[in-house]
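Visitor: Chains as they are written, first to last, in this note's numbering: chain A, 11 to 93; chain B, 309 to 747; chain C, -17 to 356.
A few of these clues could be false.
Some chain A residues well away from chain B (every beta-carbon gap over 10 Å; in silico) [stated by the list, open to error]:
(1) 25
(2) 26
(3) 86
With a Cα cut of at most 25 Å, we get these calculated DSS-like pairs of lysine-lysine [what the hints assert, rightly or not]:
(4) 336(C) to 665(B)
(5) 447(B) to 527(B)
(6) 665(B) to 57(C)
So the derived label-pair ranges between C-beta atoms look like this [claimed, not checked]:
(7) 630(B) to 151(C): 40 to 50 Å
(8) 48(A) to 59(C): 23 to 33 Å
(9) 85(C) to 375(B): 43 to 53 Å
(10) 43(A) to 151(C): 28 to 38 Å
Honestly, the hints are just simulated from the structure, not real lab data.
Glycine included, every Cβ here is placed at the ideal spot set by N, Cα and C.
Residue-level listing of the chains:
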Amino acid sequence: MHELANSVTLTVNDISVTVAAGTTVAAAMLIAGVSTRRSVIGEPRGPLCGMGICFECRATIDGVPHQKSCQILCADGMMVRTL
Amino acid sequence: MTEQFDILVVGAGPAGIAAAVSAAGARKRVGLVDDNPDAGGQIWRGRATQSAAARHWIARLDGSSVTRLQGCRVFDAPAKGTLRAECGGDRRELSYGKLILATGARERFLPFPGWTLPNVMGAGGLDAIVRSGLPVAGKRVVVAGTGPLLLAVAAHLAGRGAKILAICEQAPLRQLIHFGAHLIREPAKVLQGIEYGWATRGARFQTGCWPVEAHGSDKLETVILEQNRKQWEERCDYLACGFHLVPNLELPVLLGCSLESGFVATDDVMRTSVANVFCAGEPTGIGGVELALIEGEIAGLAAAGRTHEAEKLAESRKQRLGFVCALKHATVLDPRLKTIAKDSTLVCRCEDVSFGKLREHANWRDAKLQTRCGMGSCQGRVCGAAAEFLFGWDAAQIHSSIRPPVFPVPVSNLGATGKLNCQDDGPAMAGTSQSKEVE
Amino acid sequence: MSESWDVVVVGAGIVGAACALECASRGMRTAVIEGRGIGSGATAAGMGHIVVMDDSPAQLALTRYSQTLWQELSKSLPADVEYERCGTLWVACDEGEMQEVRHKSAVYAAAGVATEILDGQMLAEAEPHLRKPLAGALLVPSDAVLYPPCAAGYLMREALRLGAQLFTRKVHSAKAGVVRLDDGTELRATRIVIASGADACDLIPELPIRKRKGHLVITDRYPGFVRHQLVELGYLKSAHSVTSDSVAFNVQPRKTGQILIGSSRQFGAETPEVNDRILASMVERAQWYIPEIGGLSAIRIWTGFRAATPDKLPLIGPWPEDESLFLAAGHEGLGITTSLGTARLLVDHMMGTKTRIPIEPYMPVRFARSVADA
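Pulled out of the complex, with its shape left as it was, chain A reads as follows:
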């Protein structure tokens, strides 16, 4: 349960984060303590539904905005940023 067979290292808002393989970007952003996006009026937001229907987990991944981070697995070298 505690062994990390594979780990993945990515960057979240310039913070380096190492997670277990199979971790989603949303989870990694929570681990890094950053919000996934800012709302229309500027509120920090994080994942809500965990299943891809609320769109709160949208982040910019490798330069592409509006990616649903709860449905995307972390990959080595990924650059993630609060949207």
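Given chain A, put chains B and C in place with the hints provided.
Guide: Just chains B and C now, with coordinates in the frame of chain A:
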């Protein structure tokens, strides 16, 4: 490019997995489409913590001849027998002889002040994120809302080392006792209830209780809970809060399937009102994993033409339908939940529309047009379910909000032609094409 | 039940709402009938641009007049109307189109509309996501965009504040000074203004108004991706054409950073389903001008019906066949733009006040004669 399937299953949760496995057989090309990276849907998300049933079915799926399309999002049904999906940015046309919709359900969220703070999530929501790699050992968690999902989530999180401070079920005790009386008839469920109870033995289980405020500067710090007008504060890291499940009806509605009491109407072998389209699992009625598995099996067998075997299972399904009804009654929402939102509380999170602004309108359509509630990315999936409860607005109007693309897709995926030849076209003329003369 | 009104306005889209406000502000006892929802028809379906267009001198005059009215009103508009003077860039692909740009600049100048000619380099700086190289563009800084349902909502609220009354019912018939509603209510009026757009033919079957279907796509938020309304010069050809299906590049930013992608025009397509072929064509064209637009997240697609007349000019003024009937309909793709001008012209004419620009080109009588002759 069109991929052809004899039987296409949409959704790889328990119902979809059971359907695909049951349909797969000699000379039947079966496809399973799902928008997550891995099969399992919500309740079986994450390989590390799956139940025996989950491991069993997923092993059967892995060993079958089913064509797997994971990370594929169905967004349109452009013609009879064809679905359009977006897979990693590319568009794919999927044609089918028979279609099985196993699109599952999502949580209903009700707004209250502070509910938009990071670390306020759905009950299934936090559960899913934990299954997707978020550690919760030592974290303080309040679980709230309604339904057996709360216990399952609390038990799972406790098993991962979370400190469950409270489990707040909005239903009053008498409603739950009634439900419990029904559950007694199913030993498996009794056992599960005992397991959950043991796993969450440190937590206070409160009925007639719900969150009224969440506080924090840039993420959740405390929750105010209320029971019988008494309020108290819990300092916590996560609030896992969901008010029952609502079916994902976008595809059934898009395909023209008839609804009954807000769910997809099916016959005993899971056929919908549309020829060659079946539906299994939560979209036909919120009934949990066991029912979803049976319905998936039935639909898979029926779609594969093994109607006799499907009919044999139908009896077993009927026995479990009582649970659907009992659950519905047990988790009826307390009308006081309509009052926890304040005028400044946001209801539409995509467009940041407040309760106060929405209250000015008489129906969903007007509210949508004037406030843009429901016009954001989620197309009303979150705010619509809340508005239905808060204002009693017409559910059908809210469902019809979600039109193709049923999920956002890259602009380049829109329309009929897959390959783009615009490089040569240029703006020589304003793209005219002669239609029939109309003058 | 019978009531007596100075004017009854049928339809509370942007044109009807503007007429209602104009009437109420002149002290007329005004009733407005809207059966579906304020600004819920073509008003809700369109892009919401306020744009000066020169398909004809009369169109230029009306759009310019109305645009200045919007500018004056803009200070009073609430935030939800999202009025933004982002300007329009008429994009030229080659030297041939740059000639058109120069000609257009002169035409606009003569009409008192300031413009700026941008060369390829300046255009690239103004809109970095446009393909390169392009020849240049004509910038019309005074053009604007807004969110139409809230604009119609604002105009109606103002009308109501000034004493107008709203009936949320459908109109069964409107003639000879009597408007009959679907619940049997009768409203008597000195004047009835038909402002129901493409549905005006339901009440006056012989009106030369045809539905012209359009498609639009809206993306998620990409602030700064596009800063101006962008239109290809061929847009006018597309809008001008009377017979064919056509698409023309027209992209517009909302204040939120969402991008609206259009445009398409079809006659003889009167049902609301999305046409895949037209949609693909429209998207391809947009991608030709803005290659990266293909990667933006599209969240909704919808269709709408413009009310089109044979000469591309709206019907504003009295309907000769019935003394009590007046028209404010048939605005094709310029309903938002010309709503305020329409209302002002119509009510000036009704009250015998001199109109700021000649109303003759828009008078419905121009068609009644041909109808009578037919």
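Visitor: Take the hints in turn and mark each one as holding or not.
Guide: Taking the hints in turn, this is what the structure says about them:
no. : hint                         : verdict
1   : 25                           : holds (15 Å)
2   : 26                           : holds (16 Å)
3   : 86                           : holds (15 Å)
4   : 336(C) to 665(B)             : violated (41 Å)
5   : 447(B) to 527(B)             : holds (14 Å)
6   : 665(B) to 57(C)              : holds (22 Å)
7   : 630(B) to 151(C): 40 to 50 Å : holds (46 Å)
8   : 48(A) to 59(C): 23 to 33 Å   : holds (26 Å)
9   : 85(C) to 375(B): 43 to 53 Å  : violated (59 Å)
10  : 43(A) to 151(C): 28 to 38 Å  : violated (56 Å)
In the structure shown, a violation is registered for the earlier hints numbered 4, 9, 10, in ascending order.
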